[in-house]
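K.L.:
In this note's numbering, the protein residues as written are 35 to 131.
You may find that some hints are simply not true.
[What the hints assert, rightly or not] Label pairs and their calculated CB-CB ranges:
| id | residue 1 | residue 2 | range |
| --- | --- | --- | --- |
| 1 | Lys-65 | Asn-96 | 30 to 38 Å |
| 2 | Lys-98 | Ser-66 | 22 to 30 Å |
| 3 | Lys-98 | Asp-64 | 20 to 28 Å |
| 4 | Gly-43 | Thr-76 | 30 to 38 Å |
| 5 | Asn-96 | Lys-71 | 33 to 41 Å |
| 6 | Leu-62 | Asp-104 | 15 to 23 Å |
| 7 | Leu-62 | Asp-87 | 28 to 36 Å |
| 8 | Gln-45 | Lys-98 | 29 to 37 Å |
| 9 | Lys-98 | Ala-67 | 17 to 25 Å |
| 10 | Thr-76 | Gln-45 | 14 to 22 Å |
| 11 | Lys-98 | Lys-65 | 35 to 43 Å |
| 12 | Lys-98 | Asp-61 | 16 to 24 Å |
Simulated from the structure, these hints should not be mistaken for laboratory data.
Please read all numbers here as calculations on a predicted model, not as lab measurements.
All residues carry an ideal CB built from backbone N, CA and C; glycine is no exception.
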Amino acid sequence: MRAVVFAPGSQVLAAACLGSSDIFLFDLTDKSAAPLKVTGHTGGVHALAFSPDGKLLASASNDKNFRLWDVRGTELTQREPKNTERTSSDSPRQTPR
């Protein structure tokens with residue numbers, strides 16, 4: 035594992051494996067549920083952090099990009115940081131693992 039972080043006040047765990055550009059979200063309240071595999075980076079993810087309210091997940095990658103993900107509800111959607119130029123035209127994708 036390269037990065038592991040719990041969402042504040044919840045049983046959601048975000049993890050990134052060494053050398054992988056994918057992020058995995060685990061709902062620890064449902065042990066039978068498959069993790070949500072989130073893709074969008076093109077280089078290995080090396081850092082993850084949740085906002086204090088647990089609504090946003092920030093990821094940083096060797097592709098020289100950071101991304102903000104809205105983790106509310108049942109879908110994970112990318113949010114553009116304010117006052118920042120986007121350096122990649124890749125759109126985020128979600129696939130069940």
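K.L.:
Check the structure against each numbered hint from earlier and tell me which ones fail, lowest number first.
P.N.:
Violated: hints 2, 3, 5, 7, 9, 10, 12.
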